[in-house]
Amino acid sequence: LAKTTQPISMDSYEGQEVNITCSHNNIATNDYITWYQQFPSQGPRFIIQGYKTKVTNEVASLFIPADRKSSTLSLPRVSLSDTAVYYCLVGERGRDTPLVFGKGTRLSVIA
Amino acid sequence: NAGVTQTPKFQVLKTGQSMTLQCAQDMNHEYMSWYRQDPGMGLRLIHYSVGAGITDQGEVPNGYNVSRSTTEDFPLRLLSAAPSQTSVYFCASSYGTERTGTQETQYFGPGTRLLVL
Chain A
402 LAKTTQPISM DSYEGQEVNI TCSHNNIATN DYITWYQQFP SQGPRFIIQG YKTKVTNEVA
462 SLFIPADRKS STLSLPRVSL SDTAVYYCLV GERGRDTPLV FGKGTRLSVI A
Chain B
111 NAGVTQTPKF QVLKTGQSMT LQCAQDMNHE YMSWYRQDPG MGLRLIHYSV GAGITDQGEV
171 PNGYNVSRST TEDFPLRLLS AAPSQTSVYF CASSYGTERT GTQETQYFGP GTRLLVL
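Protein chains in written order, with the working numbering: chain A, 402 to 512; chain B, 111 to 227.
These aren't lab readings, by the way, just hints derived from the structure by calculation.
Treat each hint with caution, since some may be false.
Covered stretches of chain A, going by a simulated chain B footprint (3 or more residues, C-beta under 8 Å) [unchecked claim]: (1) 440–446; (2) 501–509.
Among the chain B residues that face chain A by a calculated CB cut under 8 Å, a handful are [stated by the list, open to error]: (3) Ala112; (4) Ser143; (5) Pro149; (6) Leu153; (7) Phe200; (8) Phe218; (9) Gly219.
Even glycine gets a Cβ: it sits at the ideal position worked out from N, Cα and C.
Whole structure, please, built from the sequences with the hints as guidance.
Given below as structure tokens:
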């Protein structure tokens, strides 16, 4: 399983764009990159998933360079409600290898 | 759909007691799993199941048992509770094997907070 490395914490002001980068140097050919969000006292929630280039949904964008050794989760114009822990996971689709959650990145949005 | 439900929401046990944490999902998901989360830590996988009748160990299985007799239910049993098992327990499910494996979106329950004295 590819190991991921993320910053432990980040601070941002409301209305700013936040970029959280995840390093996964040992990513395998069949691995996908998935990000989850966890609010205090709740279970994690799926945000976005991608394989290469750029993926965008109503919540976030995911940028993956050609070598796929890193990825960046981009949250546009964050609000106080985006304060949460964000987890980057790497794993193979089509297989039942368990997901591995690291410690994630604790994002604090300040008014 | 209720999604993933967990009971109880909160439980206090004495050392040595046993109990079962319940998890149920109504989405007909094949894949289910149990995680524990300690303060300031990420989630660690305890046990998982790829379908009824099939279970396997995760990263931290010691002290826990699971069974999967139906697609819907995946209970977690603490055999003899210890203070080290004080944690928040999350159950998750996904479509799993028949679609895209565990990288399919995982749906998490609200968690069970367990305190072992």
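Query - Indices of hints not satisfied (ascending) - result: 3, 5
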